[in-house]
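Q: Protein chains in written order, with my numbering: chain A, 1 to 287; chain B, 1001 to 1265.
No lab work stands behind these hints: they were computed from the structure.
In this text the structure is predicted, and so the values were computed from the model without any measurement.
Check the hints yourself; a few may be wrong.
[Stated by the list, open to error] Only some residues are given here: those of chain A computed to face chain B with a beta carbon under 8 Å:
1. Ser44
2. Val110
3. Ser114
4. Arg157
5. Asp158
6. Gly173
7. Leu216
8. Arg220
Just so you know, even glycine gets a beta-carbon here, dropped at the ideal spot from N, CA and C.
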Amino acid sequence: MSTLAEWITVPLQFDFMQRALLVSVVAGVVCALLSCWMTLTGWSLLGDAVSHAVLPGVVLSYLFGLPFAAGALVFGAGSVALIGVVNRTSRVKEDAAIGIVFTAMFGIGVVLISRIPSQTDLMHILFGNVLGVSDGEILQILAMAALILAVVGLKHRDLTLYAFDPVHAHAIGLRPRRLEALLLGLLSVTVVVALQAVGIILVVAMVVIPGATAYLLTDRFERMLLIAAAVSAAASVVGTYVSFHADIATGGAVVVAQACGFALAYLFSPRHGVAARLLRRSPAPAG
Amino acid sequence: MSATETTRTPPQPGQEQSPPPPAVEVAGVTVRYGDVLALEDVSLSVGRGRICGLLGANGSGKSTLFTTIMGLTPASRGRVRILGSDPAAARRRGLVGYVPQSEQVDWAFPVRVADVVMMGRYGHMGPSRRPRRADRAAVEQALERTGLSDLAHRQIGALSGGQRKRAFVARGIAQGARLFLLDEPFAGVDRPSQATISEVLAAMRDDGATLLVSTHDLAGVPDLCDEAVLLQRRLIAQGAPADVLTPQRLLEAFGIAPHPGGRAA
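Excised from the complex, chain A in its bound form (with noise of 0.2 Å):
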């Protein structure tokens, strides 16, 4: 019968699953416009970093009851700021300084979580509770994703030059180490609007393969941001969808639809893919 419409509408008649198709697709958007950015400058494991050195602040937020973004958001600058500091104060090197500093904030925030008393919220900091999210935790997620959202839209030409050339951008004048800490506080505030969507663990994925995907697609920068953010939401809907059909974990479902959107591009691209690839090696068909 109509069984793929009852499939769509369905669902929608629950006021949980409306609040989580919204979160996840907002923070799939936000995520999938900083990726870009991360792609390219090769910075990918950063947003890994960041996810993870915002579970003190998370926990702590918890336990003296304020908004959950201030404690992630204040934990996230603080740990690219360290990671900068350790970088350019000791000979340590950059992929130590970040395993160093996001480790130590991880295990900071597994020591407080120790001490509360109830384990699932634990569950839900790590792998996200999208099906739960409250009115002001929307609030916060559209507060962030709108400042997010005019920012890029303000200074995207500006990360991209900064991405692409930074020391043209120092010879006109910018500053790089300004768009440096822009595109850095923006990934942080991003983070922070993923966790509530897929938790820590898998916030890494958001803010990746969104770009990763589009970049296979496209050589051009503006449309690498639209596909990207286009795939993302869509794989957001999906992931909910499927999550909800097949009882299964909402974020881990985001994520594992967000890698196939990446697998289809990676074999089936036009231009950049595997695929593509073997055909155009292969000798061309005579007549």
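Starting from the known structure of chain A, arrange chain B on it as the hints suggest.
A: Structure of chain B alone, referenced to chain A:
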């Protein structure tokens, strides 16, 4: 002091004026990286509308001199002036154009040639860098002058080595730069493309721009450059290419004589 300054400032037409300050002036610059002395007491001056070849072995301080002029590497002593003004002010006015070495560019970056050239206009735009008609016209003109109009919509990495160089030169032209720093523009470029680049550079010089070109290609220097600078941590020589590129001095700079059988200067 300020009173005498103000009475002196407005130039009187018809009266004798001091010549305009050089395009770039490096005075007593010393640069250290930790314990390593990269440049020692280097002084040089390049006049406007000249092409100056910057020569030296690897590790001779060529790149350091470039980054110091650009204000990326702080000098522990000495100072740099660009077109008579403070380097930071010159950069803000868009006077300094930079053409990077090939290895420093991510050629797979999703930008088209026209996008790269448009980046030269960012200093002239509002905070969101939304291009206006004047910006598009400047980009079009720069592409035309570098012979890249037909390739404007190609991804930057889809160009040949010589075309890639010209794209970055076009960026500086669109920017309106008056001092160009070109880092090894002939590395990995075949002879015909090198000739095309040289033509573009000469036309820019004839327009009054000043070009500082670091290069390994000693043979091409006399044709392209009005003057040459030989660097080996210290300044070995500056002057006309024929006077600078003597076997004696090349031996000092490179540690080997490039033409062992050549006649002595």
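Q: Hint by hint, say whether it matches the structure.
A: Hint check:
1. Ser44: With a minimum Cβ separation of about 15 Å from chain B (threshold 8 Å), the hint on A:Ser44 is violated.
2. Val110: violated, 37 Å
3. Ser114: For A:Ser114, the interface hint is violated, since the closest Cβ of chain B sits about 44 Å away, which is over 8 Å.
4. Arg157: holds, 4 Å
5. Asp158: With a closest approach of 6 Å, the A:Asp158 hint holds.
6. Gly173: holds, 3 Å
7. Leu216: violated, 10 Å
8. Arg220: holds, 6 Å
Against the hints set out earlier in the document, violations occur for numbers 1, 2, 3, 7.
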